[in-house]
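Chemist: Position chain B relative to chain A; hints supplied.
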Amino acid sequence: MNHVIEWTSRRQTDLWDLPLPLTEWVRARRWPPSLLIGGLICGLMAILALAAPLLAPYDPNAIRSAERLLPPSPAHLLGTDRYGRDMLSRLLFAARLDLWGASLAVLCCAGIGVPLGMAAGYAGRWIDQVLSRLMDIWLSVPGMLVAIVTVAVLGPSLTNAMLAVGIMTVPILFRTTRAGVLACLSQEYVESARAAGGSHWHILRRHILPNSLSTILVTTTLQYGMILLAGSGLSFLGFGAQPPQSEWGTMLAEGKSYLHTAWWLTLFPGLMLALAVLGINLLGDGLRDLSDPVIRRC
Amino acid sequence: MLSLLLRRFLWGFLGMLVVSLLVLGLFHLAPGDAATIMAGEHGSADDLAGLRAQLGLSASILQNWSGYWTNILLHGDFGRSLYSRRPVAGEILTRAPYTVVLALAAMTIALGLGILAGLLAALHQGSWLDISLSSISVIGIAFPRFWLALMLSLVFSIHLGWLPVAGAESPRHLILPALCLGLPSAASFARLVRANALDVLHSSFLMVARAKGLPPALWVTRHLLRNCLIPTLTMAGIHFGHLLGGTFIIETLFGWPGLGRLTVQAVLDRDWPIVAGAAIAMTAVFTLINLATDILYGLLDPRLQAVQNGERPA
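Chains A and B, in that order, are what the protein sequence lines are.
Residue numbering for the first sequence follows our numbering, beginning at 4 and increasing consecutively.
Residue numbering for the second sequence follows our numbering, beginning at 6 and increasing consecutively.
For reference, chain A alone in the conformation it holds in the complex (with noise of 0.2 Å):
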């Protein structure tokens, strides 16, 4: 019994001979357009984040008293705010704090979510029961007052707003999970695994995983985008990042004075932030496309 464990696991570790939905989506011979934009877009994002020291033409922070509210010219491409800083730098260190932040929270949140998911789906029973009850309840409180009152008890910061929107999708990823857990449960290599001996850990870990993997990388990536944007929001009605820490959502707040007057302090950093949740939102519709052959045929 045991060498059949073993020969099992031995050909799981080579990943390119596994069904597994990761390598089908490597192998497609056609990716869908919106996967390869997405994929563009939010690649030259975090190319403009992680090499932001490299790319800004000034110090963020840096304040210039003589060049204030400059509109776009060829010394500040994209105009100066009221304390004469360079706006396209500043963009390009809030985009790196921004996109930090929401990477954080989608972690946490599938921390927490995806393992809840399996235990529930994958256990059923009472622990099942007690879970998806408390997710139900979890869903039915206002999430956006709850992050509101947290980050204002917890102290101001986007790391905080950030994580406090994320904790709203648990409910989510942990729904989606247990629904791909289940949809695994009956599937008959979950079946022949129990029967050659294999662990619970062993199954959920080498079977029911990475099968049910697509499905919670794609609602990730969507709650990626959700979570962008509540958290800029936040941020924006100042229980977010705090000045001089240039952040969309604070930029374009500071911005929301000079509406009449300076409109780039409004349109750029609001642009960054649509362009980066489209990116996202794209590359989640792509990977959806890729793993339900069903709906790309539509």
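Just so you know, not all the hints are guaranteed correct.
[Claimed, not checked] Within a straight-line C-alpha distance of at most 25 Å, the following computed SDA-like cross-link-like pairs (lysine to any residue) qualify:
1) A:Lys259 / B:Gly260
2) A:Lys259 / B:His164
3) A:Lys259 / B:Gln270
4) A:Lys259 / B:Gly172
5) A:Lys259 / A:Glu70
6) A:Lys259 / A:Arg85
7) A:Lys259 / B:Trp167
[Said to hold, decoys possible] To spell it out: a stretch of chain A is covered by chain B in this simulated footprint if at least three of its residues, at any positions, have a beta carbon under 8 Å from a beta carbon of chain B; those stretches are:
8) 59-71
9) 117-130
10) 144-150
11) 233-241
[Claimed, not checked] To spell it out: a stretch of chain A is covered by chain B in this simulated footprint if at least three of its residues, at any positions, have a beta carbon under 8 Å from a beta carbon of chain B; those stretches are:
12) 105-113
13) 134-140
Read the hints as simulated data drawn from the structure, not as lab findings.
Remember, predicted model here, so these are calculated numbers, not experimental data.
Heads up, the beta-carbon is just placed ideally off N, CA and C, and yes, glycines get one too.
Modeler: Only chain B this time, still in chain A's reference frame:
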């Protein structure tokens, strides 16, 4: 049906208990409470202690919470605002209609535009109309609501001067906030309706309906629309939550005197009775919306009604 109703109400009530405990607990943890804000920088320690005792801030979280719910359940009393000393229930009932009107207007825009655009795109699949509508909706979902608000007021209030910037004096004040809340949701409805309509268009029952010569007005409304609406309704329930979440920012931006703006101000003032009351009110609205979605499902799809009643689907 009755068990469904009871279950929904039970989860809604548990949600209210949980959310009020969360709000009370969080305010308890806060470094600065309402007393420190009221006493100001020059308040002495005695003033603070006096204010705390007067406002009932010195008890423990659980004492506060059980006292709060005893008052609600026995006397229907949601407490008083720590600042205005007005009853919370009255404060919320005067503000809630504004939020309800705003949310309903936004939902009407979202559903109306979304269903129309989605159906048009699906019926003209592959045409320039489909491509442009689909691209607009993909981009529209990514638009931050608060940025849309700034851009729309820049164009329509500041440059063109057609619409008022802020306030709630006339129905014209409703237009911009409702558009900002509704348009991103309209974009996601459009995508969903298009995908569902394409599924239905390729189904055999629709082909039969068209082949037997039903007039387009009839098969579009009776067969296509009705079958698209069911998945759209699930989304409508979820989007109502998003809309209510968006009201915090949009109401503050446009000076719309609804629940969202009330709550943001109360959080800044550490006025916990108002925040807890608003949280309970919103949980109640969520519960009612979920219930309404469930009931509408049954009306639109008789098969689901049977499942809800506990019968096995045939």
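Chemist: Confirm or reject each hint.
Modeler: A quick look at each hint next to the structure:
1. A:Lys259 / B:Gly260: Between Lys259 of chain A and Gly260 of chain B the Cα gap is close to 14 Å, so the pair holds against 25 Å.
2. A:Lys259 / B:His164: holds, 15 Å
3. A:Lys259 / B:Gln270: holds, 19 Å
4. A:Lys259 / B:Gly172: Holds, because 17 Å separates the two Cα atoms, which is no more than 25 Å.
5. A:Lys259 / A:Glu70: With a Cα-Cα distance of about 19 Å, the restraint between Lys259 of chain A and Glu70 of chain A holds, given a limit of 25 Å.
6. A:Lys259 / A:Arg85: Measuring from Cα to Cα gives roughly 12 Å; hence the hint holds.
7. A:Lys259 / B:Trp167: Judged against 25 Å, a Cα distance of about 19 Å means the pair holds.
8. 59-71: Per the Cβ count (0), the hint is violated.
9. 117-130: It is violated, with 0 qualifying residues against the three required.
10. 144-150: Answer holds; 6 residues pass the 8 Å Cβ test.
11. 233-241: holds (count 5)
12. 105-113: With 0 residues close enough to chain B, the hint is violated.
13. 134-140: Our answer is that it holds, as 3 residues pass the Cβ test (under 8 Å) against chain B, meeting three.
Hint compliance for this structure: hints 8, 9 and 12 are broken, all remaining hints hold.
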